[in-house]
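> Okay, here's what each chain looks like letter by letter:
There are 2 protein chains.
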Amino acid sequence: MPSLPESITCLIAELGKWPGIGPRSAERLALYLVQSEPEAVRQLAKAIVSARDRIQSCSVCGALTERQPCAICEDTHRDRSLICVVERPVDIISIEKSGAYHGLYHVLGGKISPVNGVGPEDLRIAALEQRLASAPNAEIIIALGSDVDGDATSFYLARRLAPFKVKLSRLAHGLPVGSSLEFADELTLSQAIEGRRTMS
Amino acid sequence: MPSLPESITCLIAELGKWPGIGPRSAERLALYLVQSEPEAVRQLAKAIVSARDRIQSCSVCGALTERQPCAICEDTHRDRSLICVVERPVDIISIEKSGAYHGLYHVLGGKISPVNGVGPEDLRIAALEQRLASAPNAEIIIALGSDVDGDATSFYLARRLAPFKVKLSRLAHGLPVGSSLEFADELTLSQAIEGRRTMS
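Chains F and E, in that order, give the protein sequences. Oh and the first sequence: position 87 is 87 in my numbering, straight run, nothing missing. Oh and the second sequence: position 41 is 41 in my numbering, straight run, nothing missing.
If you're looking for bench data, these hints aren't it; they were derived computationally from the structure. It is possible that part of the hints are untrue.
Identical copies go unnamed one by one, so any copy, or any two together, can satisfy a pair.
To be verified - Below, in silico cross-link-like pairs of lysine-lysine (BS3-like), each with a Cα-Cα straight-line distance of 25 Å or less:
(1) K167 x K46
(2) K46 x K97
(3) K17 x K46
(4) K97 x K17
(5) K17 x K167
(6) K165 x K97
Just chain F, same shape as in the assembly (with noise of 0.2 Å):
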């Protein structure tokens, strides 16, 4: 059988490295870029590029940003006594979504992983004491996954700011809203039961 033409090949080879695309989605959407509109096509190679070289991380809070520092950090309505200690620039995203919160944030860039290799001094933590010796009254929520290694950062980074006398807090772990007991796990149960809350 003849192959793909070359240019298709690397095509999909380059769609396959992203993530949550298999090599069936990437032939489908390299033969869907390879018969679009040229003009079209060259316009959505430009946004790619040219969304590459505009974003940054802010020198601040480690978002991703076209300027410095960040449209969050320069926000004078928000919160500036409160810091949201987060893992990825991504999860801002999630979390300015709820609109639940309107502080500051902190990118960690990873959290505390031995068996990857990846140690505290490879987190964004000496930034983190920085910001927090220019500002005595912070607040910190931990906003980290409830994994193996999300609970062992969280815990070093409580151990690690306690000389800041911070208020130190942890996003409340539970059921997920509108899922059903029978859908929850042991572990998420057990830290509902732990977490439970008074009504008045």
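On the provided structure of chain F, position chain E as indicated by the hints.
Showing chain E alone in chain F's frame:
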């Protein structure tokens, strides 16, 4: 809430135009891209544009190709008396993967569909007639989908190609291999019964 940086919003809009990519996937891919190595992103954009620029339709059969005529049309080891009529260039790839066919192809470029304003004159039927004029003993296999438009197009083709006195056949309909009766719809089952094959 401060919206995402503009270049990311643009990129999400571009990726969201792709088939099978919903808003959430588009967002995930865009955020992945702006956090990838700039060099890798540039290489991807280049692969997209270069594939689009180099891929054209084969002047004979209409397949996707980088040269004229395409590798299949040029392959002297293939059975040149067989022409398989398909709707889209990508259908060739599906049939080639099956490994069950070793003839030539002809891409119609669509199906007759009065609802969508697609008539016979919009398809590459005249080009097929030209090919048949110079290949008197050709056999045509019509490999269109079996929806309403596919059926209509198949029957139209059969009538229009009758003057050429070519041998004409359609792909068999029936149970997908490996599937059981209980998952087959009534139409497929009735076609499978009608097209039953004698066992020697």
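> Take the hints in turn and mark each one as holding or not.
A quick look at each hint next to the structure:
1. K167 x K46: neither (45 Å within a copy, 50 Å between copies)
2. K46 x K97: neither (28 Å within a copy, 34 Å between copies)
3. K17 x K46: both (19 Å within a copy, 15 Å between copies)
4. K97 x K17: Between. Shortest inter-copy distance 22 Å satisfies the 25 Å Cα cut-off; intra-copy 28 Å does not.
5. K17 x K167: neither (42 Å within a copy, 45 Å between copies)
6. K165 x K97: neither (30 Å within a copy, 65 Å between copies)
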